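Taken in order, these protein sequences are the chains called A and B. Following my numbering, the numbering of the first sequence begins with 1 at its first residue and continues without gaps. Following my numbering, the numbering of the second sequence begins with 1 at its first residue and continues without gaps.
Think of the hints as simulated: they come from the structure by calculation, not from any bench. In this text, all values refer to a predicted model and were calculated from it rather than measured experimentally. Any given hint could be a false lead.
[To be verified] Dumping the calculated SDA-like pairs for lysine to any residue here, alpha-carbon to alpha-carbon at most 25 angstroms:
(1) B:K589 - B:T523
(2) B:K243 - A:P29
(3) B:K288 - A:R10
(4) B:K318 - B:V586
[To be verified] Every beta carbon over 12 angstroms from chain B, so not counted as near; a handful from chain A, in silico:
(5) G27
(6) L34
(7) T38
(8) Q41
(9) L45
[Said to hold, decoys possible] Each pair of labels, with its calculated beta carbon distance range:
(10) B:I430 - A:K15: 46 to 52 angstroms
(11) B:A193 - A:T67: 19 to 25 angstroms
(12) A:K52 - B:E196: 20 to 26 angstroms
(13) A:S37 - B:T184: 26 to 32 angstroms
(14) B:L653 - A:L71: 55 to 61 angstroms
(15) A:T67 - B:T184: 18 to 24 angstroms
(16) A:K75 - B:N186: 32 to 38 angstroms
Even glycine gets a Cβ: it sits at the ideal position worked out from N, Cα and C.
Residues per chain are reported as follows:
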Amino acid sequence: MSEVEETIKRIQSHKGVLGIIVVNSEGIPILTSLDNSTTVQYAGLIHQLTMKARSTVRDIDPQNDLTFLRLRSKKHEIMVAPDKEYLLIVIQNPSE
Amino acid sequence: MKGRPKIRDDDDMTEIGDLGDDSYVHGKTLVKPDDQLDLTEVELKEEFTRILTANNPHAPQNIVRFNFKERTYKQTSSVEQIAIHFALDGNMLHKDSDEARRQRAKAGMGESKSEAALSEAGEEEGGEGEDGEKEEVVEAPPPKKESLRNQFNFSERASQTFNNPYRERGTATEPPPRANFSSTANQWEIYDAYYEDLQKQEKAKDKTKQIPTYRKEDDKTKKKLVAMETASDDISRVTRAAKIVERMVNQNTFDDIAQDFSYFEDASDEFRDQEGTLLPLWKFSFDKAKRLAVTSICWNPKYVDMFVVGHGSYDFTKQGRGMLLFYTLKNPSHPEYIYSTESGVMCLDIHPIYQYLVCVGFYDGSVGVFNTQEKRPGPVYKSTAKSGKHTDPVWQVKWQKDDLDNNLNLYSVSSDGRVVSWTLVKDELIYADVIKLTVDDLPTEGPDGTQLQLLGCGTSFDFHKKIDYLFLVGTEEGKIHKCSKAYSSQFLDTIDAHHMAVDAVRWNPFHPDIFISCSADWTVKIWDHNYGNQAMFTFDLNSAVGDVAWAPFSSTVFAAVTADGKVHVFDLNINKYEALCEQSVVQKKKTKLTHIEFNPRHMIICVGDERGYVTSLKLSPNLRKVPKKKKGEENVGIDHEIEIAKLDKILSLVREPDNKE
Chain A
1 MSEVEETIKR IQSHKGVLGI IVVNSEGIPI LTSLDNSTTV QYAGLIHQLT
51 MKARSTVRDI DPQNDLTFLR LRSKKHEIMV APDKEYLLIV IQNPSE
Chain B
1 MKGRPKIRDD DDMTEIGDLG DDSYVHGKTL VKPDDQLDLT EVELKEEFTR
51 ILTANNPHAP QNIVRFNFKE RTYKQTSSVE QIAIHFALDG NMLHKDSDEA
101 RRQRAKAGMG ESKSEAALSE AGEEEGGEGE DGEKEEVVEA PPPKKESLRN
151 QFNFSERASQ TFNNPYRERG TATEPPPRAN FSSTANQWEI YDAYYEDLQK
201 QEKAKDKTKQ IPTYRKEDDK TKKKLVAMET ASDDISRVTR AAKIVERMVN
251 QNTFDDIAQD FSYFEDASDE FRDQEGTLLP LWKFSFDKAK RLAVTSICWN
301 PKYVDMFVVG HGSYDFTKQG RGMLLFYTLK NPSHPEYIYS TESGVMCLDI
351 HPIYQYLVCV GFYDGSVGVF NTQEKRPGPV YKSTAKSGKH TDPVWQVKWQ
401 KDDLDNNLNL YSVSSDGRVV SWTLVKDELI YADVIKLTVD DLPTEGPDGT
451 QLQLLGCGTS FDFHKKIDYL FLVGTEEGKI HKCSKAYSSQ FLDTIDAHHM
501 AVDAVRWNPF HPDIFISCSA DWTVKIWDHN YGNQAMFTFD LNSAVGDVAW
551 APFSSTVFAA VTADGKVHVF DLNINKYEAL CEQSVVQKKK TKLTHIEFNP
601 RHMIICVGDE RGYVTSLKLS PNLRKVPKKK KGEENVGIDH EIEIAKLDKI
651 LSLVREPDNK E
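Construct the complete structure from the given sequences, taking the supplied hints into account.
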């Protein structure tokens, strides 16, 4: 198994992690551990939010770039790590 | 006469003809009517004056108007007497008036066009036109005779052409294909476009510099690369993002530890006199290394959250494979890099400049160099039996400065009694014996009568921070030899340090004369290399000491680990005889602690034990006291001079009785 697949498996089996989604640059999910409808919803919404966040950061200073985004809510935390072509979304319940 | 009027009155109508003859002839016969006034002669001669006035007899003389001011009717004083009998508006103009001038101008210009009209016009008009013409001739050559257009001499001329009949024609084409395009023009998109352009320009420059014969090869390789890239459309590109996310997930899970690491300061230290504690932070372990003991730990000098752990076995009977693991504090659950080795790893060192190069000493006596930038599963260089590897386990390796040819250089010490210097030349490790650890000065006699050199077993060494050629070697016999790289046969000095094997020997990072050594004989000793006969300080720790390390932030702080699972932290500045902290850090009491290392920047230490666990601990405030800095100097790093002076002060207290003796 490749290193990346191993990493993803490890993240999935980590304590408190509810799911992981990999989204491509157009907002289409290509790998997920959740059910279809939830995945599609997360992918679309989070993709837009990340693009907006990235645009904001880069507008202020074009040499800067977004490293990651954390969205903590009452129930769980959504962590997004953007890449050049992909977007990794992990949903974790940190208090478990 | 009177008779006749009477007749006339009666027969007025019928007898006119008869009377008419008379009256017709005598038309002016005076007849006095009956009702005529009889006036006297005086009255008849009376003269009556008649005045002829211009007053209008029909004008009213007493027009009354209502005056609202006085609220009465008032008689207007004078009344208009003019009576207009006839009014007619004429159309004559004064010749100097504006309208006349305009007309004259038009007449002058348009005269050539409509002379016929002029002749038709009345005398006045003709006269005017001629006058206008004359005037113009007198002044300047006449421009053009403008035709006078007015109501009298203007005639409209129009003609109508034949209108062609209209016909409608139409064609329909296919609509061009349309695509919706939308984009944003943000500052960063513009920046990106410029950046790409710059890259292209630079590439173009590079291409022109290259020799043309190489171009074809480049194209071929480039094509191959392109094909490969498009094929691998899968997951492997998410590596970086996956790593980041893994760290984030870990940060969440170990959130309280991360907070402790950064911010927790044990407040109870104030009440504890001078003692301190160690706060356990993360614990690192790897499944496959669980049965292997931690044989060495080394912090990365540049990326201070990374450290390397070597796994192997100290047990002579249980020798198997080993592991080399690279951990980071940011991801406590899984190592960053994993290398599996055939023989147990006994020691390791990270190159101070090229942090991706790690040299490793193995139990089987060989030395290897790992390069983490290359994705090889094994070492890049490895010494073999032919190339002069040690015949006994290598106990310590250390990188040295590059030699004159800019080749990388490392040293190793082993139980076979040799200190060897290895040079990395191209693909090989070339060795050179630096020194042999002879036991006695005189060679002893062997069974055949040949002269044999008995060699001691080196267990540890350390190079001086400032003096390049000076180094110390600790042996299994308990001796510490002071050696120089220049002299290969003789030691500069030998110190009978311990009764058992010297497990670790280390120079003080600040003071140039002081070093520390620890041994399985339960002691830790501090020496001054100028006074080799006696230790400056001796500490008995009630158990075999596995390792000792100086703190990088203070010249008087050091820590030691023992076989009973305790960590001892000393600060000579505060207490010269006792440890400030003696703490057990293992879960199971019988675990030996094998190694200890201080983090170069943060106030944490890493302790390895024989079960394969690495525990990180935070030093409480009492254990890390540094001399107070003056107000202006807070951002300046650790002041070496102060540290050296501090230690000197302590040493002088100890030394005086020695001198007196």
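For each hint, the structure was consulted:
{"no.": "1", "hint": "B:K589 - B:T523", "in the structure": "holds, 21 angstroms"}
{"no.": "2", "hint": "B:K243 - A:P29", "in the structure": "holds, 19 angstroms"}
{"no.": "3", "hint": "B:K288 - A:R10", "in the structure": "holds, 15 angstroms"}
{"no.": "4", "hint": "B:K318 - B:V586", "in the structure": "holds, 23 angstroms"}
{"no.": "5", "hint": "G27", "in the structure": "holds, 15 angstroms"}
{"no.": "6", "hint": "L34", "in the structure": "holds, 15 angstroms"}
{"no.": "7", "hint": "T38", "in the structure": "holds, 18 angstroms"}
{"no.": "8", "hint": "Q41", "in the structure": "holds, 19 angstroms"}
{"no.": "9", "hint": "L45", "in the structure": "holds, 18 angstroms"}
{"no.": "10", "hint": "B:I430 - A:K15: 46 to 52 angstroms", "in the structure": "holds, 50 angstroms"}
{"no.": "11", "hint": "B:A193 - A:T67: 19 to 25 angstroms", "in the structure": "holds, 23 angstroms"}
{"no.": "12", "hint": "A:K52 - B:E196: 20 to 26 angstroms", "in the structure": "holds, 23 angstroms"}
{"no.": "13", "hint": "A:S37 - B:T184: 26 to 32 angstroms", "in the structure": "holds, 30 angstroms"}
{"no.": "14", "hint": "B:L653 - A:L71: 55 to 61 angstroms", "in the structure": "holds, 60 angstroms"}
{"no.": "15", "hint": "A:T67 - B:T184: 18 to 24 angstroms", "in the structure": "holds, 22 angstroms"}
{"no.": "16", "hint": "A:K75 - B:N186: 32 to 38 angstroms", "in the structure": "holds, 34 angstroms"}
Violation of the numbered hints given earlier is absent; every hint is satisfied by the structure.
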